[in-house]
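These protein sequence lines map, in sequence, to chains D and U.
Read in order, the letters of the first sequence are residues 1465 to 1988 in the numbering used here.
Read in order, the letters of the second sequence are residues 21 to 402 in the numbering used here.
Keep in mind the hints are simulated off the structure, nothing from the lab.
A few of these clues could be false.
A few chain U residues that face chain D, going by a derived Cβ cut-off under 8 Å, partial list only [stated by the list, open to error]:
1. G91
2. L120
3. M178
4. G182
5. G186
6. N189
7. S310
8. S356
9. L364
10. N395
Reference listing, derived: stretches of chain U covered by chain D, where coverage requires no fewer than 3 residues with Cβ under 8 Å from a Cβ of chain D [as the list claims (entries may be wrong)]:
11. 50 to 62
12. 124 to 135
13. 207 to 213
14. 332 to 339
Ideal Cβ placement from N, Cα and C applies to all residues, glycine included.
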Amino acid sequence: MIDMSVVDLSRWQFALTAMYHFLFVPLTLGLSFMLAVMESVYVMTGRQIWRDMTKFWGTLFGVNFAMGVATGIVMEFQFGMNWAYYSHYVGDIFGAPLAIEGLMAFFLEATLVGLFFFGWDRMSKLGHLAVTWLVALGSNLSALWILIANGWMQNPVGAEFNPATQRMEVVDFAAVLFNPVAQAKFVHTVSAGYVTAAVFVLGVSAYYLLRKKNVGFARRSFAVAAAFGLASSLSVVVLGDESGYTLTDNQRMKLAALEAMWETEPAPAGLALFAIPDVENRVNRYEIKIPWVLGLIATRSVDQPVTGILELVAIAESRIENGIAADTALQVLRTDPNNAEAREAFELHKRDLGYAHLLRRYVDDPADATPQQIQQAAWDTVPNVTLLFWAFRFMAGLGFFFVGLFAVAFFMASIRSCSFKPLLWAAVLAIPLPWIAAEFGWVLAEMGRQPWIIDGVLPTFLGVSSLDRNTVLVSLVGFVLIYSTLFIIEMGLMLRLIKAGPYAHDGHGAGAAPLAPGAAVPAE
Amino acid sequence: MDLPLDYETLRIIWWGLLGIILIGFAVTDGFDMGVGALLPFVARTDAEKRVTITTIGPVWEGNQVWLVLGGGAIFAAFPLVYAVSFSGFYLAMFATLFALILRPVAFKYRSKRNDPRWRAMWDWALFIGGFVPALIFGVAVGNALQGVPFRFDDTLRMTYEGNFWGLLNPFALLCGLTSVAMLVMHGAAWLGLKADDPVRSRARGIGMIAALLSLVLFALGGIWIMQSGMGYVINGAIAPNTPANPHLYDVSLQAGGWLANYSVYPWMIAAPAIGLLGAALAFVGLWLRSEPVAFTGSSLSAAGIIASVGASMYPFILPSSLDPGSSLTAWSASSSHLTLFIMLIVTVVFLPIVLAYTAWAFKVMWGRVTAEDINRDPHAVY
Chain D
1465 MIDMSVVDLS
1475 RWQFALTAMY
1485 HFLFVPLTLG
1495 LSFMLAVMES
1505 VYVMTGRQIW
1515 RDMTKFWGTL
1525 FGVNFAMGVA
1535 TGIVMEFQFG
1545 MNWAYYSHYV
1555 GDIFGAPLAI
1565 EGLMAFFLEA
1575 TLVGLFFFGW
1585 DRMSKLGHLA
1595 VTWLVALGSN
1605 LSALWILIAN
1615 GWMQNPVGAE
1625 FNPATQRMEV
1635 VDFAAVLFNP
1645 VAQAKFVHTV
1655 SAGYVTAAVF
1665 VLGVSAYYLL
1675 RKKNVGFARR
1685 SFAVAAAFGL
1695 ASSLSVVVLG
1705 DESGYTLTDN
1715 QRMKLAALEA
1725 MWETEPAPAG
1735 LALFAIPDVE
1745 NRVNRYEIKI
1755 PWVLGLIATR
1765 SVDQPVTGIL
1775 ELVAIAESRI
1785 ENGIAADTAL
1795 QVLRTDPNNA
1805 EAREAFELHK
1815 RDLGYAHLLR
1825 RYVDDPADAT
1835 PQQIQQAAWD
1845 TVPNVTLLFW
1855 AFRFMAGLGF
1865 FFVGLFAVAF
1875 FMASIRSCSF
1885 KPLLWAAVLA
1895 IPLPWIAAEF
1905 GWVLAEMGRQ
1915 PWIIDGVLPT
1925 FLGVSSLDRN
1935 TVLVSLVGFV
1945 LIYSTLFIIE
1955 MGLMLRLIKA
1965 GPYAHDGHGA
1975 GAAPLAPGAA
1985 VPAE
Chain U
21 MDLPLDYETL
31 RIIWWGLLGI
41 ILIGFAVTDG
51 FDMGVGALLP
61 FVARTDAEKR
71 VTITTIGPVW
81 EGNQVWLVLG
91 GGAIFAAFPL
101 VYAVSFSGFY
111 LAMFATLFAL
121 ILRPVAFKYR
131 SKRNDPRWRA
141 MWDWALFIGG
151 FVPALIFGVA
161 VGNALQGVPF
171 RFDDTLRMTY
181 EGNFWGLLNP
191 FALLCGLTSV
201 AMLVMHGAAW
211 LGLKADDPVR
221 SRARGIGMIA
231 ALLSLVLFAL
241 GGIWIMQSGM
251 GYVINGAIAP
261 NTPANPHLYD
271 VSLQAGGWLA
281 NYSVYPWMIA
291 APAIGLLGAA
301 LAFVGLWLRS
311 EPVAFTGSSL
321 SAAGIIASVG
331 ASMYPFILPS
341 SLDPGSSLTA
351 WSASSSHLTL
361 FIMLIVTVVF
371 LPIVLAYTAW
381 AFKVMWGRVT
391 AEDINRDPHA
401 VY
């Protein structure tokens, strides 16, 4: 049986390295587009200040991008290192988007980013502008393929289990590609990236305006960020709602859990604005509800109920029983692939095979499971309700806050009055918030998927590699140490460059070189 | 399923593509790693270090994607190889990742501050980021050649019975040193093309030694394989379209197994020949101060050495020393027919595009990096 401590350590390692990677990704996604917009203005108007803006924000982009690349390499190999059985079980489907990401997106982004930094004097203005746009396109395409992979973990369409190879295999690649969950996640995630970059540029510009430094530079940057941010924060909220539209039992479970909705909610379902979930007794205390809203989000209707946790657990229990039949037939097929009876039983129940795997935590052979173990496994399908309930509320609350912040900032920028101090302070203080919202979003998406690594197909604990605990502990501690060190260095450098500002070198526009080594920093 | 290419053909094509991606990685990112490993030895002053780093500054990031693509392609085309090798070589992989994490950051951050200690710290990071992966990749190949101690249960869950120190056996270390010598030779040839004196002439001296070492160590590895009779073989005929499941193939240890392909397909001898002649050409090119010749030679040598490993092992990718029946081959470890086909279409469309803009990027950044450039041009990033 699987060593659960290895599972826990592997999960911690993956969660920490993935969440750390995502500290850098959103800024890359958004800032690359903002750089392209700024450089476009430069090319169209020929005004030097827009070139300075592109170069200064480009320097900060570079500091962030390097960390994104460094931590991204780890992600590419971690599935094989810590999740070997998962890699075998779904590699036929999951590997493809990762490989395509490298070929179609990351190559483009990484090859051209070198020209973005080094090619200013070696290319025509238009040539360099094209490079900047392609870097933005590459990074966003990269997100598309990664989210197609992740979307498949949430909603595994277009694949079937093949008893001959003991794994899931693609039967319909178009279904994997056009997976509605993946599409919804993509637009939500890249919009969140645009919000992050907009808040970053807005906040840093506000800091200059408060200090009355680099005012012309900061006002223009502020205006770009306000416009870009207003559009993207609206998109992140509206399209985020698309992620709530539910398709499968387990996603219904995720929705029920993030709402802490124990009983099925009759149509039209209300949305809990506040409650204290009492997990032990399976009820909520101090609940405040807004009528109708959840029904609209989850079912796109006013006449369908939203299924509650208790009912979904009952469904899981019957699926486990079907799954046991599939697993028993599969065991016969392993030794006797031509057994017609077993083949028929397997085909009948194979949709629920994954549910039988839930029992492997308690018994070696699911067929030996007692009714209590089956019930326990059915309750395992409920994710951490309290965590999801609050992660969702923090994320969504911050989303609405960003809409408000950018609405005010956009208004102030359009009446050319960027000196309203409370707004500037709010913009500076808001800088960390989009990262917090994005991390809450990932906690919601991935903790909400538990206990599954592939929704309804493979439980997380079964996906793990056969490693011993100390080995994983060594790498976990190693990652924490190197990532913490790099984080301190990165933040220090970022703050240094921001403080020095765009004209640290020579104090005026032409030839200002924030990129010049040593120039960004006053003599030490 | 009716696909225009049959399963066997696709498996062979993907086995070949994996080799091409690895060669792409060695020929491009290989010189970045070589330059990283050479940094403390070819550059003394800060200006020399910046010249050295700036020769690879604009291109290393794109080059490294060959490694990322390699990871993705193994995952997509041979999922069992991806699963077994990276979890089996867990701590070695971790050490590699640790070194590779340092590299992007070091490039970007080093010259952003004047503090000499800050710069010295990142110079070390660049050295580690070049040397450590070069060594470990070679060690990994050396272990793959000998077979790795793993086995599958009937659900294809793998258990690995070796440990980290077991990877560091004499033959694997020989392969590791070959890999380091090969990439140092390649990095030196690159510096010959792109750097100004004195970096260029120091690189020339070290590069000539590295070229000779590559030649000798690679030849030694070949002799070792011949003498030890290393190798595995698949017994019996393989029915086409046999599902990708190691339990369906009968494999055993076979003395001289790694030489068998050279008698069946004599043209495969071209691979080791190019590996040796390329290194010799690199030596001659450096000696005559004709760097384009040297760089061509070192690129050919890297391609030949990698191709030799593939040719010797074909169709094996990762044999099991513990339970030969669990060995992974181009047949037993592949993805499904449909996945291999779709991935081939994607590759056929996008790889030429990648090669085109990579060539363009190299062309834009063409020319020698001189000390004057670094001092005159305040826009130089590194």
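Verification of the supplied hints:
Residue-level restraint check for U:G91 holds (minimum Cβ-Cβ distance to chain D is 4 Å; threshold 8 Å). Residue-level restraint check for U:L120 holds (minimum Cβ-Cβ distance to chain D is 5 Å; threshold 8 Å). Proximity of U:M178 to chain D holds as hinted, the smallest CB-CB distance being about 6 Å (cut-off 8 Å). Given the 8 Å rule on beta carbons, the hint for U:G182 is violated: about 12 Å separates it from the nearest Cβ of chain D.
A cut of 8 Å between beta carbons decides the hint on U:G186: the least distance to chain D is about 13 Å, and the hint is violated. Hint on U:N189 is violated. Least Cβ distance to chain D is approximately 19 Å, over the 8 Å limit. About 26 Å separates the beta-carbon of U:S310 from the nearest beta-carbon of chain D, more than 8 Å, and the hint is not met. Taking 8 Å as the C-beta contact cut-off toward chain D, the hint placing U:S356 at the interface holds, the least distance being around 4 Å.
Because the smallest distance between the Cβ of U:L364 and any Cβ of chain D comes to about 11 Å, over 8 Å, the interface hint for this residue is violated. For U:N395, the shortest C-beta to C-beta distance to chain D is roughly 11 Å, which exceeds 8 Å, and the interface hint is violated. Here's how the region 50 to 62 of chain U fares: 0 of its residues keep a CB closer than 8 Å to some CB of chain D, so the rule of at least three is not met and the hint is violated. Counting residues of the region 124 to 135 of chain U whose beta carbon lies closer than 8 Å to any beta carbon of chain D gives 10, which meets the minimum of three for the stated coverage.
Here the region 207 to 213 of chain U counts 0 residues with a CB under 8 Å from a CB of chain D, which misses the bar of 3, and the coverage is violated. By the rule of at least three residues with a Cβ nearer than 8 Å to a Cβ of chain D, the coverage given for the region 332 to 339 of chain U is violated, with 0 such residues.
The structure fails hints 4, 5, 6, 7, 9, 10, 11, 13, 14 (numbered hints given earlier, in ascending order).
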